[in-house]
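Place chain X on chain C using the hints.
2 protein chains.
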Amino acid sequence: MKYMKNMRVAILGYGNIGKSAEQAVLLAPDMELTGVYHHNDSLDSIAADVVLICTPTREMGRYAELLLAQGVNVVDSFDVHGDICMHRSRLGAKAIAHRAVSVVAAGWDPGTDSVMRAMLLAMAPEGVTYTNFGPGRSMGHTVAAKAIKGVKDALSMTIPMGKGVHARRVYIELEEGADFKEVEASILADEYFAHDDTRVEVVESVAALNTVQHGVKLVREGVSSGVDNQQMSFDMTINNPALTAQVMVSCARAAVRMQKQERYGAYTMIELSPISLLPGDEEDLIGKLV
Amino acid sequence: MKYMKNMRVAILGYGNIGKSAEQAVLLAPDMELTGVYHHNDSLDSIAADVVLICTPTREMGRYAELLLAQGVNVVDSFDVHGDICMHRSRLGAKAIAHRAVSVVAAGWDPGTDSVMRAMLLAMAPEGVTYTNFGPGRSMGHTVAAKAIKGVKDALSMTIPMGKGVHARRVYIELEEGADFKEVEASILADEYFAHDDTRVEVVESVAALNTVQHGVKLVREGVSSGVDNQQMSFDMTINNPALTAQVMVSCARAAVRMQKQERYGAYTMIELSPISLLPGDEEDLIGKLV
Numbered sequence: 001m002k003y004m005k006n007m008r009v010a011i012l013g014y015g016n017i018g019k020s021a022e023q024a025v026l027l028a029p030d031m032e033l034t035g036v037y038h039h040n041d042s043l044d045s046i047a048a049d050v051v052l053i054c055t056p057t058r059e060m061g062r063y064a065e066l067l068l069a070q071g072v073n074v075v076d077s078f079d080v081h082g083d084i085c086m087h088r089s090r091l092g093a094k095a096i097a098h099r100a101v102s103v104v105a106a107g108w109d110p111g112t113d114s115v116m117r118a119m120l121l122a123m124a125p126e127g128v129t130y131t132n133f134g135p136g137r138s139m140g141h142t143v144a145a146k147a148i149k150g151v152k153d154a155l156s157m158t159i160p161m162g163k164g165v166h167a168r169r170v171y172i173e174l175e176e177g178a179d180f181k182e183v184e185a186s187i188l189a190d191e192y193f194a195h196d197d198t199r200v201e202v203v204e205s206v207a208a209l210n211t212v213q214h215g216v217k218l219v220r221e222g223v224s225s226g227v228d229n230q231q232m233s234f235d236m237t238i239n240n241p242a243l244t245a246q247v248m249v250s251c252a253r254a255a256v257r258m259q260k261q262e263r264y265g266a267y268t269m270i271e272l273s274p275i276s277l278l279p280g281d282e283e284d285l286i287g288k289l290v
Numbered sequence: 001m002k003y004m005k006n007m008r009v010a011i012l013g014y015g016n017i018g019k020s021a022e023q024a025v026l027l028a029p030d031m032e033l034t035g036v037y038h039h040n041d042s043l044d045s046i047a048a049d050v051v052l053i054c055t056p057t058r059e060m061g062r063y064a065e066l067l068l069a070q071g072v073n074v075v076d077s078f079d080v081h082g083d084i085c086m087h088r089s090r091l092g093a094k095a096i097a098h099r100a101v102s103v104v105a106a107g108w109d110p111g112t113d114s115v116m117r118a119m120l121l122a123m124a125p126e127g128v129t130y131t132n133f134g135p136g137r138s139m140g141h142t143v144a145a146k147a148i149k150g151v152k153d154a155l156s157m158t159i160p161m162g163k164g165v166h167a168r169r170v171y172i173e174l175e176e177g178a179d180f181k182e183v184e185a186s187i188l189a190d191e192y193f194a195h196d197d198t199r200v201e202v203v204e205s206v207a208a209l210n211t212v213q214h215g216v217k218l219v220r221e222g223v224s225s226g227v228d229n230q231q232m233s234f235d236m237t238i239n240n241p242a243l244t245a246q247v248m249v250s251c252a253r254a255a256v257r258m259q260k261q262e263r264y265g266a267y268t269m270i271e272l273s274p275i276s277l278l279p280g281d282e283e284d285l286i287g288k289l290v
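So the sequence lines, in the order shown, correspond to chains C and X. Take the first sequence: its position 232, counting from 1, is numbered 232 in the working numbering, and each next residue is one higher. Take the second sequence: its position 85, counting from 1, is numbered 85 in the working numbering, and each next residue is one higher.
Same shape as in the complex, but just chain C:
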């Protein structure tokens, strides 16, 4: 199968995700990388059909609006679950006004996990879905642990105990003169850790534990057509930034295709058809995958 490299893709932001996205675009058979932009670069007249916004979450909305106003499609990995609806409707208005498409919250959770949760619900409308994260590094909990007085560096790992229950293991380096018992008590009392089985351990070097490995196990125990005990699960162990960036790159295709179909607006991944994420011809993909 031959592909045309006819989708021009640019990247904004060059941290973990931006660097992985660069690799994913270079490996995509249908894409041409037309630029990598840093935070402070000018975004006027970007020569791209779609821009992958790989900045910190809180800056994504502002950059997306700037680009959509030029009629350029955008993809972001906005990950504050509670604010996704607001983010989507803000960018949706801008996208419609400028005949462009924005894919928001593209990644694995939110993102492909959201798609799995939607599919599991369509397969078993009654029942319970458990989302078990890890084992892997939790960004939010790591930041919370680092903010505790007396902590020089920290890494918080999420350990799944099943049925959506998580344990935390917090590895810390102490500031000189800090008292372990006091620091430990502060961590255990913190809202981020107070509700889980949390253990704190002092290590020589947090940097030496560094890992971007993460995972998830989604379990649904439910009812299909009135029949109980339908058991379904989705499980993965992955390099976190590599998967997030890859999913963003796949979503870039959906953005460009939906613009061509004049379906302007902002979409989360559960609003996209899976086939629109893939390179190649529709009939070929249907023959191969269905």
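No lab work stands behind these hints: they were computed from the structure. Only a predicted model underlies this, so the values are computations on that prediction, with no experimental measurement involved. Errors might be hidden in some of the hints.
Note that the list lumps identical chains together, so a pair holds whenever it fits in one copy or between two copies.
BS3-like mimics (lysine-lysine), calculated; alpha carbons at most 27 Å apart, straight line [what the hints assert, rightly or not]:
no. : residue 1 : residue 2
1   : K2        : K288
2   : K163      : K288
3   : K260      : K2
4   : K181      : K146
5   : K217      : K163
6   : K19       : K146
7   : K181      : K288
8   : K288      : K5
For chain X alone, kept in the frame of chain C given last:
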């Protein structure tokens, strides 16, 4: 959350799948069951927005065309993998001509497994996907075993050995006077069984082994953004007709919604957005699932 029962659904065919579909429609918060039609019933002026075609696969195309010609949306679980593209384009032409929507090959394989394969490919574009079926009853192999001379009744179970390799266990009742060794040799030589590790066993009653339990394990070992060893799997153990029917009922929503959006044509499940399968308000679903 309150739902309006404003989607009128009818069922055509009343075998295993039709009976399960009846339960699924009755349990759906947004659907009204307006009729169950048998094979020989008249299909003129059906009072439904969408009809679930639960007949044998080979009759689905003919019934779908009859209904689409009346502008009625249809969902089928057409399951001959190699003929799906042809079936889809045949029904697509009819659907477009009559401003209706047809969802084809709705079920779990083809169906939700197809969606999983597409998502796994979007997440890790290079790599290998293994589809491991079972343990469960294989319809095709059961029919093949029953056709062997000397076999009174048969049940062929598919046993997954991993990496897409399957073993077969064939339970048979012999016709009076039939020779086991001859029957066994015929089964082992049959094209359906010749390539797998197959064992044949005589039982007193095949009916006593009857089960509709089935399952699948989809495994992808691939590369995201150039990073190797991304490990993903989807696993389920389910009641087969209950899941097939439930997925068809969920796809009925997508058919009706796409007709309202004037997106006429025939679609496989990888062409549908997951959100379109679910009852309720878009923003509510996004808030809950993403």
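We went through each hint and held it up to the structure:
1. K2 <-> K288: within (15 Å within a copy, 40 Å between copies)
2. K163 <-> K288: between (35 Å within a copy, 18 Å between copies)
3. K260 <-> K2: within (21 Å within a copy, 36 Å between copies)
4. K181 <-> K146: within (16 Å within a copy, 72 Å between copies)
5. K217 <-> K163: For K217 and K163, both the intra-copy (10 Å) and inter-copy (20 Å) Cα distances are at most 27 Å.
6. K19 <-> K146: For K19 and K146, the Cα distance is within 27 Å only inside one copy (25 Å; across copies 58 Å).
7. K181 <-> K288: neither (59 Å within a copy, 39 Å between copies)
8. K288 <-> K5: Classified as within: same-chain Cα gap 21 Å, cross-chain 37 Å, threshold 27 Å.
Of the numbered hints given earlier, the model fails hint 7 alone.
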